[in-house]
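Number of protein chains: 4
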Amino acid sequence: MTQPCKPFLSHPFDDDKLKEECGVFGVIGVADAANFVALGLHALQHRGQEAGGIITHDGEKGFNSAHRFGYVRDNFTKASVMETLPGALGIGHVRYSTAGSKAAAIRDVQPFFGEFSMGGAAIAHNGNLTNAEALRRELIDHGAIFQSSSDSECIIHLMARSIQKTHADRIADALRRVEGAFSVVAMTRTKLIGVRDPLGVRPLVLGRIGDNGFVLSSETCALDIIGAEFVREIAPGEMVVIQDGKIESTRPFQPAPSRFCIFEHVYFSRPDSFIDGRSVYETRLQIGVELAREAPVDADLVCPVPDSGTPAAIGFSQASGIPFALGIVRNQYMGRTFIEPTEHIRNMGVRLKLNVNKTLIKGKRVILVDDSVVRGTTSRKIKEMILDAGAAEVHFRIASPPTAWPCFYGVDTPDREKLLAARMSEDEMRDWIGVDSLKFISLDGLYRATGAQDGRNAACPQYCDACFSGEYPIAPADQLEKGFKVKAPCAG
Amino acid sequence: MTQPCKPFLSHPFDDDKLKEECGVFGVIGVADAANFVALGLHALQHRGQEAGGIITHDGEKGFNSAHRFGYVRDNFTKASVMETLPGALGIGHVRYSTAGSKAAAIRDVQPFFGEFSMGGAAIAHNGNLTNAEALRRELIDHGAIFQSSSDSECIIHLMARSIQKTHADRIADALRRVEGAFSVVAMTRTKLIGVRDPLGVRPLVLGRIGDNGFVLSSETCALDIIGAEFVREIAPGEMVVIQDGKIESTRPFQPAPSRFCIFEHVYFSRPDSFIDGRSVYETRLQIGVELAREAPVDADLVCPVPDSGTPAAIGFSQASGIPFALGIVRNQYMGRTFIEPTEHIRNMGVRLKLNVNKTLIKGKRVILVDDSVVRGTTSRKIKEMILDAGAAEVHFRIASPPTAWPCFYGVDTPDREKLLAARMSEDEMRDWIGVDSLKFISLDGLYRATGAQDGRNAACPQYCDACFSGEYPIAPADQLEKGFKVKAPCAG
Amino acid sequence: MTQPCKPFLSHPFDDDKLKEECGVFGVIGVADAANFVALGLHALQHRGQEAGGIITHDGEKGFNSAHRFGYVRDNFTKASVMETLPGALGIGHVRYSTAGSKAAAIRDVQPFFGEFSMGGAAIAHNGNLTNAEALRRELIDHGAIFQSSSDSECIIHLMARSIQKTHADRIADALRRVEGAFSVVAMTRTKLIGVRDPLGVRPLVLGRIGDNGFVLSSETCALDIIGAEFVREIAPGEMVVIQDGKIESTRPFQPAPSRFCIFEHVYFSRPDSFIDGRSVYETRLQIGVELAREAPVDADLVCPVPDSGTPAAIGFSQASGIPFALGIVRNQYMGRTFIEPTEHIRNMGVRLKLNVNKTLIKGKRVILVDDSVVRGTTSRKIKEMILDAGAAEVHFRIASPPTAWPCFYGVDTPDREKLLAARMSEDEMRDWIGVDSLKFISLDGLYRATGAQDGRNAACPQYCDACFSGEYPIAPADQLEKGFKVKAPCAG
Amino acid sequence: MTQPCKPFLSHPFDDDKLKEECGVFGVIGVADAANFVALGLHALQHRGQEAGGIITHDGEKGFNSAHRFGYVRDNFTKASVMETLPGALGIGHVRYSTAGSKAAAIRDVQPFFGEFSMGGAAIAHNGNLTNAEALRRELIDHGAIFQSSSDSECIIHLMARSIQKTHADRIADALRRVEGAFSVVAMTRTKLIGVRDPLGVRPLVLGRIGDNGFVLSSETCALDIIGAEFVREIAPGEMVVIQDGKIESTRPFQPAPSRFCIFEHVYFSRPDSFIDGRSVYETRLQIGVELAREAPVDADLVCPVPDSGTPAAIGFSQASGIPFALGIVRNQYMGRTFIEPTEHIRNMGVRLKLNVNKTLIKGKRVILVDDSVVRGTTSRKIKEMILDAGAAEVHFRIASPPTAWPCFYGVDTPDREKLLAARMSEDEMRDWIGVDSLKFISLDGLYRATGAQDGRNAACPQYCDACFSGEYPIAPADQLEKGFKVKAPCAG
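Residue numbers (the working numbering), protein chains in the order written: chain A, 2 to 493; chain B, 2 to 493; chain C, 2 to 493; chain D, 2 to 493.
Derived from the structure by calculation, the hints contain no laboratory data.
Each residue gets a CB set at the ideal place from its N, CA and C atoms; glycine is no exception.
There may be inaccurate statements among the hints.
[Claimed, not checked] Chain B stretches covered by chain C per the calculated footprint, using a threshold of three residues with CB under 8 Å from any CB of chain C:
1. 109-120
2. 141-153
[Stated by the list, open to error] Restraint ranges, calculated between C-beta atoms of paired labels, are given here:
3. D/Ser-150 <-> A/Gly-484: 38 to 44 Å
4. B/Lys-79 <-> D/Ile-248: 55 to 61 Å
5. A/Ser-81 <-> B/Pro-258: 55 to 61 Å
6. D/Glu-385 <-> A/Gly-71: 45 to 51 Å
7. D/Gly-121 <-> A/Ala-489: 34 to 40 Å
8. B/Gln-255 <-> C/Pro-256: 56 to 62 Å
Could you build the full structure based on these sequences and the hints that come with them?
In structure tokens form, the structure reads like this:
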């Protein structure tokens, strides 16, 4: 995705968060596949709130599709929509929200569909292609007509130009030409196909449902909602082709060491999903434990910044013995912007979404646990609310290292100069935000929390952590061409 | 309200909860009062999600109003709506959601307005009149034309028939004729008026804003959102008339001992509101503490039923030393009903909204803390999810006593025969739900948690607890006429 | 109606036309009465485009209603709406459009409903009460709560205060208290009721459908659409009560000579309706014939101002022998206002709706036939278009006498000072509009065209023609109180 | 267009009419071009009611577009839409309505846009490509990804594969590869381009506006609405490229004799447009005159079937001396389908839209003038209404010859077997419809009415009249491949 996806909405200040990245889902071998896809996308809604699409094949007459702006629950629950999506095979996609930016076009909503001489195929892509701009120019020079502004459309055009005879071979052909991060779910008239890029940057899991059905999903939480059984993760660099209850697995790419996105653990994935056999919730709890060890502080209360900071705050409380408390309460009816009645009401945006438990906070030394600091603007506003409520001290503890580098693999980050940590040291950030202390978990601590007991392997890191380290495992070709400077030469 | 209001939506199984009861808000002496009212209603949205209305007076030409179905954030944030509501004086109302029932009419949405010979007046009512049906018959016999199905409309007609010369006197006249629970916010061309019934069953607080402005609100959280300062609670049986920055207080009713609704502490009010100087959050925490003392159990984890059980679960964990954990995760994109793909998916309603952290729960002895048990149907479903995830034991701890009696004072409860606790003992309920243990907090324990250190004063209870005790402080006249049997003679 | 109704939309310049006046319809003794009412209102849509409502009784459980803004075809064709309106008895109402004025409220949309001690009743009113303001003040003084700004609501409140035992008697009681023009269709649980004011200013006809069914309608065209048979007109001053296939007729008012609105012939009624056995189309054709006799002119073409001038233009052509031609073409996709691209485009409002057949008009002497001149502004614009197209001469012939007086009986006319004919002589109007000649039909000619062979009986006119003559058959009490001066003392 | 366009909506039985065919419009050299395009499309709305689109270029940042279902007046009058379409250069398109057919996709709505290596271009196409299916297969084999089901999209893909250096040359390249009928309006960043196919089947005219502006439009009526001056028609086979106030004209195709669609005269074009200097209204009047000569009948009234039969009926009346009358009245509020109350109401579809002037028709011998007979179903229904009203005789006169062959050049005709005239002789049709007489104008008569004084030149017809004659001037390649049999070998 040239325009990557919006993050997990559970944080009240979405404009000051990294933006994730789309969710993909596919199912084969079940009656009314579209209903399963709708439920799966609903469970993946946190990976993209702007729009969603479903394509099915009815086994006889052909493909059917529906693409809509808005939540899955509002669009794909209507009989009038679901009736138009018959069949036992379907895929779907949810994507980010472009709050305030140029009006998005329905043409940009995936899955994308292409008619080929051997029949139609649809694809849904989570990730970002780092050479999409160069590919697009080249394809246009050779007569391709692009219909969307999405990088993912390149895959369809590359497939159209492949001389391979099967859809799967054409997908492999196309994906060997692209660079970047991708977890792709595709379908033909009879097959469900899943592919993960060689480094496995984005997640993709395989599930089983009913006697003969299979599921592909970005996260395990979407298996739970439909009662599917988790089978395994699709391996980095693997392609699976599922048909008639059978799975064929191939490795179309050069082998490479795995570099899964560590931020999925910190923020993007749902806490009830598990990755590599490890509960996301527990990893976040451990981050809090590590943080309490690395950066202890004497205080009266540990309060999460709702809701995403909650598991780490619980871990911090348990490790430190300082009581956990909901000092900040979230209004569950967030939404549009209200008309501000007077200029006296500062921080209206914050107050619409959050309120402080004044009687609880008053006179207390408070530790606030948040998942990350991006621009830092909302950290300042929260600090102000807490001080207004009469807190004696405010200490920020952040469940990720300083975010100092943009992501080019499917996460929407601000330009580097807007990242607070790209411009300031930890002490400078503390002073700018105006709190008594500010500490980030170390990169090694974060790795340990994910289960890597010896921390980060600097020679060959177990994860992609480019947003923290500036070490990009895949060269961001389009960005380099525009003058972006990486910290260290890229491996890829 | 003949059709009382829906409860705090933060519980995922709204159809198995008591339903609260409307929120009221008014402001005088500020520019663009409607914007303040919109913000206040937004903060009170948990008291009524179905519909909302705002009436203002522009100081010259007259009254303006807007009544809408849906959330405040969706209706009263549009310039096209707010521009039609000029003026420095306004009141508003939010009301419950009638999910699935007969289509509600916009005519039932408050505030209600009446034109009188001395000028118009508008009222917004939180509570329920227990003699509304008799009053309605009587008024119709005397030529009144009712426009809504709401009990609150009686107040307007009684005002119209009063021979008093001022609006305030007519309101007092009318409210002396009604029985039941009411917190009323009213307005005339120049005055903001607030009244609470003699027992003070429903809340109403007074705030100050700007140099000359005053606010009336159901809860303090709505003062916070607009930056207003809490002044005091309106006393039971008090009427305040606010004009030109001055407050005139009178007592139009016979004095009576206060009987505030104890369920406001347990469930209805927002955790960041405070009542009688006491944080709702802290009371709920204390309920957990009391519960841990009254009904201890050896276990590995304390998990809240999200979200309303959370404070009590934290208290239980702190008092018992058993770790607090988010074993159940709520999907924040709840909403419409999906089309169920197969019959194999049991409990779809639950799975749409909740998921269990399997890796966390597996093999553990789990304490689940919930706020109440009404029909008990969802308790069974949650138990099933937890057992499916591999829990070794499941223990329910309930932050309120058994709900065995309906409320007639503005809370929507099922018929008595549908209340689980009206039909079963605690042990029978435990067996029916199918858990290893089930314990409710005692009525005394609940009173202690609210700060009544000696527990409930049986001779003269400090709260209305009719839903638990069957002791109704105000005779429910309309219900008695239909044959309802109270447990003990009513005081009122 | 205090805010009277909008006219027949077939004229492209609705803001320069008299505005009519609502349509009423009722049916009893048919399955699914609401469907018949919807069709009837659709046929009467020209009498009111803003909003419509239907109330039915299902014979058992009670009354059901739906009130909507917009066209009948858009609202009352949806199964989701019609399913809520069961029963064999129903009434409906369509009302005018308040283009540009203060936002109308759904509360103003009829039929109105009232609950009485002997059961509910609903009424739909076409016409205008001339003492409504005084009645409203009096009713409010006695405790009535008005819910709409409509004069028609007085009828419901008067019914509520009547001491009569039956609905019909209460309606008669109420209507004896009101002054003005009214054709009322009402219903109770079992009865369909129709009443016309003593002078019969507004139309109301009776039809028969099926074995046992009866229909009341403003015009006969609504009988045709449902296949009902015309029975007769309800007489001035008559009340009919229909139940179980039987009609009971009474005369609750003092007898008075009939004064039917002559403008129904000129403009309001549909050309395919018939009044007093005479086709409206033929009357309009005859107006053209009379006009050709009264005001002949040598010319090449007779062109109607579309569409309402067409029948008179045909008559003029036939009487004069000058060819009839569609020199002005109407765009059938009229609607909202476009954003005008430049200031050079004058008369954009006209061009959106009309275009001139240039090749036809060029060099020709053109007679334009229009139904009326109100403000005269659009006559000027049309003249300009015709001259731009190269016409050699332009002659206006108007199918009604000069409109010099406002109507207070259910037609929305501008204030008297805005009526061109109230300020200018015929010659002055000709010069102001800028045409070669301008002639109106005489009042006698108009009467002859309606079949009154001797013209107008000045002593006792056969019609209400107050808008032309200034002779008001019913004293407009509310207006007189505000200082309006009638031309001659009123009979009533 | 593979799915051609819907006809002039003024006929009440659209499903029994030939369906026309889209309208195109473009403007250059004016401020706020989009407003002009919106007005132009509004004037062309009768050529396509389903959907419309506008693309503009703002001169600097790029192209902007809006595509919407529904009427121009409802979509392109909103400031929120029009503000997104800045610039002095724009084109637009309106297309047919697919009543009842498979849901149309917004992707099928033109103008289409393609990004090329020399910059973007947009095209709007009126007509139909007869070799589109073969072209599409060929393009897919070579890697093209089609995004719509429209034949017009082939043009964009052929442009993308052209090796020409300029957009205009690529358009010419592409159009030399297609077969069929096309009037194309295209735009690049700086140029407005118009092209007509070699035979000039579909119309396209050039206008001038302001000092430096030019307009391209399907019909002259769209010049009138914006105050543009008619310059000339684009010639068959001509391409014009307009930039900086200058027009460059070329002839990219083999010359061929002109074959303009004669049905534009009969039905499709608006009566206030002129073609080849001749008013469409006058041609239709002359058709009536010819018809009266060819097929006289003794009768009392000449009535048009509204509205499209009106000019021919006026001509028939003038030539025959039989009075013209509006015997059938159209309900101007047509729309959705009502729920039919009983089975007794036959012909509900007709009654919703038309009513008969009973008092006028009763006992009369009536001539009904309609523009065409397609399936004949509605002719039967109208006959029935007229007889129900008591007509003594009914004579149909049709303003076109029998429609016996489908059109493949941009008009939606039923399959040949559904055309009444393909299965029956004139006498058989008369008996099937059930009227006293039925006569169609002769082909020669129709030609004469258009100004061809010697009638049709059989050797080289002046028009395309394939729908009447079965002589197809362009071989319908896709249809021939599917087995369609033409009457005579095609010239092309």
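With 56 to 62 Å as the target window, see if B/Gln-255 and C/Pro-256 comply at their CB atoms. 59 Å, holds
Holds or violated: the segment 141-153 of chain B covered by chain C, criterion of 3 or more residues with Cβ-Cβ distance under 8 Å? holds (count 8)
Using the Cβ atoms, figure out if A/Ser-81 sits within 55 to 61 Å of B/Pro-258. Since the Cβ atoms of A/Ser-81 and B/Pro-258 sit about 57 Å apart, the hinted range of 55 to 61 Å holds.
Assessment of proposed distance window 45 to 51 Å (beta carbons of D/Glu-385, A/Gly-71): 48 Å, holds
Is the listed coverage of the segment 109-120 of chain B by chain C valid when you require three or more residues with a beta carbon under 8 Å from a beta carbon of that chain? holds (count 4)
Could you tell me whether the CB distance from B/Lys-79 to D/Ile-248 stays inside 55 to 61 Å? Once the Cβ atoms are compared, 47 Å apart, the range 55 to 61 Å for D/Ile-248 and B/Lys-79 is violated.
Range first: 38 to 44 Å. Now tell me if the beta carbons of D/Ser-150 and A/Gly-484 are that far apart. The hinted range 38 to 44 Å holds for D/Ser-150 and A/Gly-484, with Cβ atoms some 43 Å apart.
Range agreement (Cβ of A/Ala-489 with Cβ of D/Gly-121, hint 34 to 40 Å): 39 Å, holds
Comparing the model with each earlier hint shows a violation of hint 4 alone; every other hint is respected.
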